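Below are the chains, spelled out letter by letter.
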Amino acid sequence: MNRRNFLKVVGAGSAVTAAALAGCNNAASGGSDDVPKGKMTYRTNPKTGEKVSLLGFGFMRLPQKPGKSGGEDADDKVIDQDAVNELVDYAMAHGVTYYDTSPRYCKGQSEHALGIALRKYPRSKYVIATKMSNFDEADQPYEKSVEMYHNSMKELHTDYLDYYLLHAIGDFDGFKARFIDNGILDFLVAERKAGRIKNLGWSFHGTQDFFDYMLTLPIKWDFVQIQLNYHDWDHRTEEVNADYLYGELSKRKIPAVIMEPLLGGALSKLNHSVLTMLKRADAEATPASWAFRFAGSLPDVLTVLSGMTYMEHLKDNIKTYSPLKPLTEAEKAMLEKAADMIDNEPTINCTGCHYCMPCPFGLDIPGIFKHYNSCLTEGNYPDNPDSPDYKKERRAFLIGYDRTVPRLRQADHCVSCHTCEPKCPQHIEIPAKMHEIDSFVEALKRNNA
Amino acid sequence: MLRKIRIILAAICFTLITLLFLDFTGTLHAYFGWLAKIQLFPAVMALNLGVVIALLLVTLIFGRIYCSVICPLGVFQDIISWVHRRKRKNRNKFRYSKALTWLRVAVLVLFVVALVAGIGSFSALLAPYSSYGRIVQNLFSPIYIWCNNLFAAIAAHFDSYAFYSVDVWIKSGITFAIALITLIVIAILAWRGGRTYCNTICPVGSVLGFISKFALLRPRFNLNKCNGCHLCSYNCKASCIDADKHEIDMTRCVACMDCIGNCHQGAITYGFRTKKDKLNSLEKDKANSAEQNKQDSTESTKSDSPKSATNDNVKPSAGESNPDGKSAEESLNGSPNKAENAPQSGNSVDSSRRNFLSLTALFVATSTINAQKNKFDGGLAIIEDKKVAKRTTAVVPAGSLGIKHFAQHCTACQLCVSVCPNQVLRPSNGIMTLMQPEMSYERGFCRPECNKCSEVCPSGAISLIKLSEKSSIKIGTAKWIKANCIVNTKHVECGNCARHCPNGAIMMEPLDAKNPDSPKFPVVDEERCIGCGACEYECPARPFSAIYVDGMERHKTI
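If you read the protein sequences in the order shown, they are chains A and B. For the first sequence, the numbering used here gives the first residue as 4, with consecutive numbering after it. For the second sequence, the numbering used here gives the first residue as 11, with consecutive numbering after it.
Hints were generated in silico from the structure; no laboratory data involved. Please note that the accuracy of each hint is not assured.
[Claimed, not checked] Computed list of lysine-lysine pairs in DSS-like fashion (alpha-carbon distance at most 30 Å, straight line):
{"no.": "1", "chain 1": "A", "residue 1": "Lys448", "chain 2": "B", "residue 2": "Lys181"}
{"no.": "2", "chain 1": "A", "residue 1": "Lys110", "chain 2": "B", "residue 2": "Lys181"}
{"no.": "3", "chain 1": "B", "residue 1": "Lys476", "chain 2": "A", "residue 2": "Lys80"}
{"no.": "4", "chain 1": "A", "residue 1": "Lys448", "chain 2": "B", "residue 2": "Lys97"}
{"no.": "5", "chain 1": "B", "residue 1": "Lys396", "chain 2": "A", "residue 2": "Lys426"}
{"no.": "6", "chain 1": "B", "residue 1": "Lys108", "chain 2": "A", "residue 2": "Lys448"}
{"no.": "7", "chain 1": "B", "residue 1": "Lys476", "chain 2": "A", "residue 2": "Lys436"}
{"no.": "8", "chain 1": "B", "residue 1": "Lys103", "chain 2": "A", "residue 2": "Lys448"}
{"no.": "9", "chain 1": "A", "residue 1": "Lys426", "chain 2": "B", "residue 2": "Lys530"}
{"no.": "10", "chain 1": "B", "residue 1": "Lys396", "chain 2": "A", "residue 2": "Lys436"}
{"no.": "11", "chain 1": "A", "residue 1": "Lys179", "chain 2": "B", "residue 2": "Lys566"}
{"no.": "12", "chain 1": "A", "residue 1": "Lys395", "chain 2": "B", "residue 2": "Lys530"}
{"no.": "13", "chain 1": "B", "residue 1": "Lys476", "chain 2": "A", "residue 2": "Lys394"}
{"no.": "14", "chain 1": "A", "residue 1": "Lys426", "chain 2": "B", "residue 2": "Lys566"}
{"no.": "15", "chain 1": "B", "residue 1": "Lys223", "chain 2": "A", "residue 2": "Lys448"}
{"no.": "16", "chain 1": "A", "residue 1": "Lys448", "chain 2": "B", "residue 2": "Lys235"}
{"no.": "17", "chain 1": "A", "residue 1": "Lys436", "chain 2": "B", "residue 2": "Lys530"}
{"no.": "18", "chain 1": "A", "residue 1": "Lys436", "chain 2": "B", "residue 2": "Lys492"}
{"no.": "19", "chain 1": "A", "residue 1": "Lys448", "chain 2": "B", "residue 2": "Lys530"}
As the structure is a prediction and not an experimental result, all values here were calculated from the model.
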């Protein structure tokens, strides 16, 4: 989902931006590029019979530009609405119809930005998915949650929502507090009956018990959003594998909406050996296109969400699904092998969703993981002092660490208060990982021979 | 030729020493660290007899070439003075002035008394190398680091790790102010009168000046060739050439060879001192004392004359307090040349006194405390800045043996502060140890793999320690403050201090011994703790850490 975020930090920054601008110009002038128009693969919603594009546009992270003070600080950036409009215009022109947002994305600005970008198109030309994101206790009282629901409609300039989700549920306590005790689930079911919600579903990050429980509730779910990609299909160790989730939904004929098709960008930024294997199979295909083909090849998938900040990513994804070429058995076997190889490298499966933030002690948790992972995948991982590249790798790791994360926000300041841990949708043992990284860095610093 | 050699050597020494103070990576010090160690004052403090004797011998043979080549502050003044003279194309002439021996002696005596009394801060204020180090560290190094940070930003853009960014912060407001004022005073003095500072205040200059009196080699006049053009005197930044009398005051001559290089007649040569020189100097001494006696007797009667009245305006107290009556001597001198010199010399006294007074005043000056800036980045929690813990005993680096030894040997040159990669060392604000470095752990801790300060210290205040020794040198002891500990205040699990202690000297134990499940607090094994400050730095309690290091008066090997 945040492949672009990965790339941004990893440093392809300037080149990618320049290319993205060039891409925008092409799009604006209607110039010919090799992204086919009108070839998009569509899936049919069994309940409404409407056609939904296999590529869904996720609005979790959007192009940003420096704010008023012009600084590079994260707190100072605002959404670049012009860039958002260009992306949406291009997507609409190429048949993307599904747009997924939430009142909590982009510090609460995502719905607003999407509302502006879609306003000029007829309401029937696209479908909107948004969510009940009442994570904060302050948002959980009935009135507050209902207010959040109505505000979504206001921001999106609509009087009905095509897809509405109970956002990120996965454990009994949270579900009870957010939807049962305050009566919000009843409210939403009533709203569906009234026709203001066309499809009611939920996005899932949690235990198998809870997933099974949700499917046994006496409520007909119109869709469920699950995390699925060729790694998580059957390679998750701590969490429920996607093959189970998809299988259960498929059995019940509930369409699946796919999130994290790229595992937080990890499947687009592959290490050398995996990348080589994929490139040998198809030199021109991007790593991301393999992941999208995997998700799209499953017949009961309604749409595959991708957050796209760069025009290149949008174009690449449109190309992959215009039309979809389902994976062959041999290709599936290869991706399974790729998943094995990915498992054997010690990257941390942080998707950069920032749900863990803010850390009460000021740590930049996703930033730390990102630096650690990127050093691993780029081969800047100084784990062997006898290696001839050790000095160079050590320097790159330590300087890069200070560049990515300010010293006071680095892993050594984790006190293991465990505030973050229950918030992580990937169920990473964050404090334990922090201490691991800290020990690694400490050893690295001491070994300055 | 001699002049050119001097200039080239001086430029090399000056550049390298300046770079020593700028190079925060500590790379240059491996090659050129000795340049700091051959500075006279640090060598004396280090009891480095070899260097001291060598420097004294060099001075005894060649005169004060130390001041012209090795001393960075001397060369710095030459540069300022050169810029000034260039600006108006040689119209800014130097002029001969009488030596202010009384001031030189007085400053030297004060300096030595302060040293003996252990007031290192006072001697550090006057010592030339320390002053220069302070100026570079406080005023030039931020500019250097900003440039470096600019390169680092560019490097980051291109994914290069050639440069890395370093924090710039005022390590001590008082020291910064002293450095700034020293720079201003020295720049003004050098701009107006060349080596005024070296020949009136600098204690090193005074000592070397005394030795230089007996120097074997010295600039000498060839009276047959001299046409009395005074060019030598006009070019003498030490104002020590009396062209009329063909005399050179060797106590002030810094052997810069400018007079030799500038004399069109070749009338000045650098050569062995002769009997005649010796005789001359003896006669001169006699004549001087005779003259002074005469002046003393006539002072009261002549003081009403208009000429001396103007002088008295400039330096009234100097005339009164000085039994030698040197101030009056200038105004009484009959020759027009001398009379012309008088105001110049008056000015220099005035400025040097001003210099002296302003420096003294600084002792009581206080620094303005920077308003602390908090930063908030979107999803990141605010991190409050840490405040310096209130230590009963200062923490000084391993290798300095203890507070007393450190204070007695440190020249407060700031070289260690410049190279400390962990932002631990900073100049102290205590009166007795003003500007001498001390340690604090808000921005980092004294890392076990670093002994940079002990490598660079030129004065023996921090003697060289091996990395293997470091973990067994106890410089302080960690102390826990229960009221600050987040286990206590926020009821969360922590143990960050114990986790980061390089010596394993902190254990987490349940406060309630009967209940092993009660919250765990740090306990310090005082004997194993070496005072590196890892616990203090890593402690999440803010603004004051819940565990801090108090220094050891005398360091201990464990």
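We went through each hint and held it up to the structure:
1. A/Lys448 / B/Lys181: holds (24 Å)
2. A/Lys110 / B/Lys181: violated (37 Å)
3. B/Lys476 / A/Lys80: Since the Cα atoms of B/Lys476 and A/Lys80 sit roughly 48 Å apart, the hinted pair is violated (cutoff 30 Å).
4. A/Lys448 / B/Lys97: With Cα atoms ~51 Å apart, A/Lys448 and B/Lys97 exceed 30 Å; violated.
5. B/Lys396 / A/Lys426: Since the Cα atoms of B/Lys396 and A/Lys426 sit roughly 29 Å apart, the hinted pair holds (cutoff 30 Å).
6. B/Lys108 / A/Lys448: Violated: B/Lys108 and A/Lys448 sit about 59 Å apart, past 30 Å.
7. B/Lys476 / A/Lys436: violated (34 Å)
8. B/Lys103 / A/Lys448: violated (57 Å)
9. A/Lys426 / B/Lys530: Given pair A/Lys426, B/Lys530 holds - Cα atoms ~25 Å apart, limit 30 Å.
10. B/Lys396 / A/Lys436: holds (26 Å)
11. A/Lys179 / B/Lys566: The hint is violated at about 61 Å.
12. A/Lys395 / B/Lys530: It is violated: about 41 Å lies between the C-alpha atoms, which goes past 30 Å.
13. B/Lys476 / A/Lys394: Satisfied, since the Cα-Cα distance of roughly 22 Å is no more than 30 Å.
14. A/Lys426 / B/Lys566: violated (48 Å)
15. B/Lys223 / A/Lys448: Answer violated: B/Lys223 to A/Lys448 is near 54 Å, above 30 Å.
16. A/Lys448 / B/Lys235: Between A/Lys448 and B/Lys235 the Cα gap is close to 68 Å, so the pair fails against 30 Å, i.e. violated.
17. A/Lys436 / B/Lys530: Judged against 30 Å, a Cα distance of about 21 Å means the pair holds.
18. A/Lys436 / B/Lys492: Within the cut-off at roughly 28 Å; holds.
19. A/Lys448 / B/Lys530: holds (29 Å)
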